[in-house]
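Novice: Residue-level listing of the chains:
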Amino acid sequence: MDIIVAQSLLEPNAGLIFYKVIVFALLLFVLGKYAWKPIVNALSEREETIDASLRKAEQALEEARQTGAKNEEARREAEENARRVLQDARTAAERVRAEELEKTRARIRQMQEQAQAEIEREKERALEELRDEVAGLAIRTAEQILEETLDADRHRKMVDRFIEQLPRN
Amino acid sequence: MEPTALAFLAAGIGAGLVAIGAGIGIGNLAGPAMEASARQPEVAGHIRLTMIIAAALLEGVALFGMIICLLLTLKA
Amino acid sequence: MALNANIRYRQIVLLLAAGCVFLGPRLAHAADEEGKLDAVAHTADGVYLDFAPFGAVELPRIFLRSDPWGLDVFPSTRSALLSERYVMEHKEDGHAEILHGEALRDAIDHHEHLYAKPKPAQGTLVLDLSITRHLVFGVLAALIVVAIFLGLARRYRRPEDRVAAPRGIFQNMFEALVIFVRDEIAKPCVGPRYREFLPFLLTAFMFILCANLMGLAPYLGAATSNVAVTFTLAAFTFVAGQRKGTKAYWTHLFWPPGVPLPVKFILAPIELVSLIAKHFALALRLFANMMSGSLLILSLIGIIFTINVLFGSLAAALVAPVGVAFTLFITFIKIAVAFIHAFVFTLLSAIFFGMALEEDEHHEEETSAEEQPALAG
Chain A
126 MDIIVAQSLL
136 EPNAGLIFYK
146 VIVFALLLFV
156 LGKYAWKPIV
166 NALSEREETI
176 DASLRKAEQA
186 LEEARQTGAK
196 NEEARREAEE
206 NARRVLQDAR
216 TAAERVRAEE
226 LEKTRARIRQ
236 MQEQAQAEIE
246 REKERALEEL
256 RDEVAGLAIR
266 TAEQILEETL
276 DADRHRKMVD
286 RFIEQLPRN
Chain B
-7 MEPTALAFLA
3 AGIGAGLVAI
13 GAGIGIGNLA
23 GPAMEASARQ
33 PEVAGHIRLT
43 MIIAAALLEG
53 VALFGMIICL
63 LLTLKA
Chain C
65 MALNANIRYR
75 QIVLLLAAGC
85 VFLGPRLAHA
95 ADEEGKLDAV
105 AHTADGVYLD
115 FAPFGAVELP
125 RIFLRSDPWG
135 LDVFPSTRSA
145 LLSERYVMEH
155 KEDGHAEILH
165 GEALRDAIDH
175 HEHLYAKPKP
185 AQGTLVLDLS
195 ITRHLVFGVL
205 AALIVVAIFL
215 GLARRYRRPE
225 DRVAAPRGIF
235 QNMFEALVIF
245 VRDEIAKPCV
255 GPRYREFLPF
265 LLTAFMFILC
275 ANLMGLAPYL
285 GAATSNVAVT
295 FTLAAFTFVA
305 GQRKGTKAYW
315 THLFWPPGVP
325 LPVKFILAPI
335 ELVSLIAKHF
345 ALALRLFANM
355 MSGSLLILSL
365 IGIIFTINVL
375 FGSLAAALVA
385 PVGVAFTLFI
395 TFIKIAVAFI
405 HAFVFTLLSA
415 IFFGMALEED
425 EHHEEETSAE
435 EQPALAG
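Protein chains in written order, with this note's numbering: chain A, 126 to 294; chain B, -7 to 68; chain C, 65 to 441.
Pulled out of the complex, with its shape left as it was, chain A reads as follows:
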């Protein structure tokens, strides 16, 4: 009896192998078709969903980061622009001011020159008038003095000579 039992412990039983093959093949088929397929598919589907959401979140984060960077860039650019505009304005103002100044200065100079010329002309005219006046006066005086001795032409010559001898200014 012991021998038979011991043999059954270590000797494969052909009948059992036969049944076991059927049972395990059936198990493989049933589980493979009705259990593992939906379970594994569902698991991978879920993982894909999670992966996709993660990727999406990462993408959104990346986008936000990019947008932030872009905003920063735009802000910096705007600041730069403003600074440049300000600088330009300042330079332009400076230039305009300088130009104005220059113009004003030129006009003043021109006015001064005009005034100078006017004065010169006035002076010339005054001198001319004065000369004529003096000549007339001298002639009249000389006429009165030399009434009979000299004719009008000799008088004129004498007066002209006198005038020539007068100082210029």
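Worth flagging that the hints you see were computed from the coordinates, not collected in a lab. Hints may contain errors.
[Stated by the list, open to error] The calculated EDC-like cross-link candidates involving lysine to aspartate or glutamate, where the alpha carbons are at most 16 Å apart (straight line), are: (1) 181/C <-> 192/C; (2) 181/C <-> 136/A; (3) 162/A <-> 192/C; (4) 162/A <-> 239/C.
Given the coordinates of chain A, work out where chains B and C should sit on it, guided by the hints.
Specialist: Leaving out everything else, chains B and C in the frame of chain A:
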């Protein structure tokens, strides 16, 4: 001595040798594994897992010997 | 803190009670009527279900015989023998005699027929297709696995459930097992084509795990502690792996590259033998671990009976607590062993699949050549 007695003796000695072999093997395995997991506690889980697998394989070999001993006692 | 301690004590008491429940039937059926311990008979396959102390249930016997050909079905061994169409031998002092009439009835009363190998009175026995204990346990394990995972599959029927987080203990527990097999066994060991082998690996893992754990339950046994069952499983692994073998794999097997011609003829048989031996070892490892566990538990219990016979009941009573404590310890180890060997079997199967799928890339061959001997041992 009669053959049956010899077979039993052989089975007993064999079982002892198998136990010694398996003991040495698992000792050799577990000692460095402990050391390694003490040095790098962050991979202790992985070390433990591989250690258990290796121990199971080792035990499998020891049990092959055990089956021979069993055959000796049962068929004697 | 006090509450925690309370709970812990309760847990320990529960654990001990559970241990007693687990051990009770073993204690009862470890010794039969004559007080004789029969560890081997309880570990080995049998044609009856033992419900000691309530008796045993005989399983149907089915025989395929030739001369004349026929399939004989009996509800039990007892009826097969009493019908006189099948006979049993009684071996004593080297010579066997066929039992008849009164002697047969006497043997049946002593339950000798449960361990006998009945032979047909006419013709020869071709195949003993009897339903055995381990077949019942195996089918039960298969049914449990089917029930669990068909139940789990139902959780994913609705599309919104497929993407939702798992709910409840049931779904979390078994989904974790499925993911464990997929991520720890199939993906790293099989490689990119792991989806083809995932159903097989999952089925093998769950079936072996369930069968192993059933070995710890009272009145049940581990189907995997039967060498026929594990050989069938290994044969499935073999077929599943070779079926998908790549050209590079077959070339490597029968026409090893990179060696001179005469060596090829020596190497090819060696490779073939090692291929068979690997699967043989796969079967034997699972069987030996499962069988030795139950044998060990019964033997530890048996120490009490042996000491009872040798040194009297007082010594036995003194030894009994030690034996029971050791048995409890071994039972806990067996829980771990049940998981580990389900894992190891599946892992090695996956590694064999990975080898069968290898492509002709040299760097891959090198790495796998380093790993394989260590794991296939």
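Novice: If any of the earlier hints don't hold here, list their numbers in rising order.
Specialist: 3
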